[in-house]
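Colleague: Sequence:
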Amino acid sequence: MKLSNLQKKLKKSEQYLPAEDTFFLADRLKDLRGKSALDIGCGSGYLTDILNSNFQLVVGTDISFNTLCTQNYKTQNAICCHSADALNLQFDLIICNLPYLATDEIIDVATDGGKDGLEIPLEIISSALPHLDKNGKFLFVTSSLSDYMGLVNFVNSKGFQAKIIDKKKLFFEELIIVEVKHLLS
1 MKLSNLQKKL
11 KKSEQYLPAE
21 DTFFLADRLK
31 DLRGKSALDI
41 GCGSGYLTDI
51 LNSNFQLVVG
61 TDISFNTLCT
71 QNYKTQNAIC
81 CHSADALNLQ
91 FDLIICNLPY
101 LATDEIIDVA
111 TDGGKDGLEI
121 PLEIISSALP
131 HLDKNGKFLF
141 VTSSLSDYMG
151 LVNFVNSKGF
161 QAKIIDKKKL
171 FFEELIIVEV
181 KHLLS
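Counted the way the UniProt record's numbering counts, the sequence shown spans residues 1 to 185.
It is worth saying that the hints were derived from the structure and are not from the lab.
Do not take every clue at face value.
Quick list of the computed label-pair ranges, beta carbon to beta carbon [stated by the list, open to error]:
#1 L17 <-> N156: 30 to 36 Å
#2 D27 <-> Q76: 21 to 27 Å
#3 N153 <-> L184: 27 to 33 Å
#4 E105 <-> Q76: 33 to 39 Å
#5 F65 <-> N153: 29 to 35 Å
#6 G159 <-> T70: 25 to 31 Å
#7 N66 <-> N156: 34 to 40 Å
From the three backbone atoms N, C-alpha and C, an ideal C-beta is built for every residue, glycine too.
Hey, can you work out the whole structure from these sequences and the hints?
Modeller: See below:
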């Protein structure tokens, strides 16, 4: 997507409020602990707030400056950038509630994933992987409405191990949590 088109959409975008997919991922986070965590696309700050209880350093990124300024749950270390592109840290845990809806055009940057629900998620995952500590894990939420196996296969092709660790059936879709780790050397 062209930067100028993206900037126009960001000005119109609204904060993604916690929803069923957010709560599904939140249930997985409550018992995780470590030194550092990254929430890509932190939106309202709901998940970042949960991470703050169990990690020494928590960073939240969002592509929308407006969203970061109006968070319901304020993120202390909030950075406005595309995915993890502006960072040079390694994290024990990286999380993302991906924008996974399959759309021909990106209208809502918080939910629209582009063609097959892959375009934006692949960009986010590509940005996140270099920041994953060798013993860390990356958890992301996707949906049966997108080509979620395309995401798993992409991650595996990059020398990581991706596996589906949880599913939740809803009326119109199935939510899926994927866990990514480095392959054992």
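Colleague: Which hints, by number, does the structure contradict?
Modeller: 3, 6
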